[in-house]
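Using the sequences and the hints given, assemble the complete structure.
Here are the chains, one letter per residue:
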Amino acid sequence: MNAVRPLKLMIVDDSNIIRRRIERSQQIERLRVVGSAANGREAIELFEQTQPDVVTMDLTMPEMDGIECVEHLVARKPELLILVVSALADKATAVEAIRKGANGFLCKPFTDRQLNDALAELLQDA
Amino acid sequence: MLTEAEIKTFVDGAMHYFAVSARQPVAVGSPYLITDGGTPAVHEYTGVIAISGRRKGAVCFTAPRSMLMVLLMRMNETDTSETNMKDLIGEVANTISGNARRDFGKDFVISVPSVVDTEGGKFRPPVNARPFIIPLNWRSHSAKLIVCLE
Numbered sequence: 033m034n035a036v037r038p039l040k041l042m043i044v045d046d047s048n049i050i051r052r053r054i055e056r057s058q059q060i061e062r063l064r065v066v067g068s069a070a071n072g073r074e075a076i077e078l079f080e081q082t083q084p085d086v087v088t089m090d091l092t093m094p095e096m097d098g099i100e101c102v103e104h105l106v107a108r109k110p111e112l113l114i115l116v117v118s119a120l121a122d123k124a125t126a127v128e129a130i131r132k133g134a135n136g137f138l139c140k141p142f143t144d145r146q147l148n149d150a151l152a153e154l155l156q157d158a
Numbered sequence: 492m493l494t495e496a497e498i499k500t501f502v503d504g505a506m507h508y509f510a511v512s513a514r515q516p517v518a519v520g521s522p523y524l525i526t527d528g529g530t531p532a533v534h535e536y537t538g539v540i541a542i543s544g545r546r547k548g549a550v551c552f553t554a555p556r557s558m559l560m561v562l563l564m565r566m567n568e569t570d571t572s573e574t575n576m577k578d579l580i581g582e583v584a585n586t587i588s589g590n591a592r593r594d595f596g597k598d599f600v601i602s603v604p605s606v607v608d609t610e611g612g613k614f615r616p617p618v619n620a621r622p623f624i625i626p627l628n629w630r631s632h633s634a635k636l637i638v639c640l641e
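Which chain is which? The protein sequence lines are B and H, in order. Start counting the first sequence at 33; every next residue gets the next number (my numbering). Start counting the second sequence at 492; every next residue gets the next number (my numbering).
Hint data in this document are derived by calculation from the structure and do not stem from the laboratory. Since no wrong hints were added, every one of them can be taken at face value.
Simulated pairs of lysine-lysine, DSS-like, Cα-Cα distance not exceeding 25 Å: (1) B/Lys-123 / H/Lys-597; (2) H/Lys-547 / B/Lys-123; (3) B/Lys-40 / B/Lys-132.
This is the structure in structure tokens:
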């Protein structure tokens, strides 16, 4: 029987607390965290080193924001699965993130169940 | 000056944050306006989001260490270090401010959070506008949301 290879996850958020919450998600069984970044610039460097399959992406971050980072990452790997996890609750921002290449949007604050469901939905496409 | 509807956006944002993140409701006191030239008193930790775009000013969340400690625990976070306290105070301010864009729109531009040194127990508003204080009470702890917009 072939074991299913866990997908590689990179977590991008300037909050350590949010990064750790995502690491504790139940869906993490299907994922292997290959690294965390606190801003878009760090995320691009980490992406080159780890080649993740899945990314959770904050939007409001220092150095380089999440929308710009999504554009860079999608240009490098179009099949990358990206879940935006942000407090920016206006519809225009969610639409822009999806247009730039994100696959889903989870608004902060979120419950563990909402995070779990959002990741599960994202992984259906994997 | 904030309108009643705008104040409600921040009241709702604070209530939503605690209901979701802490899974316990927060009690909101009556919002009040600081007198002209006054500086609001703050707690041990204060997270500030600078606002630019169509509106200018700041949104701050200020709370005591004891409240942040319990809040972290409610979020199943075992690391209650100083670093995480500052992270949390900034994240609460960021989340409430970001959620306000649902009503204020995309031109309500929020900065990344900064944790200000509030030694002396006062916060000086960054713009020439009177700050609104939204008192919050949660599990016997008091905190404040300070909204100061031109």
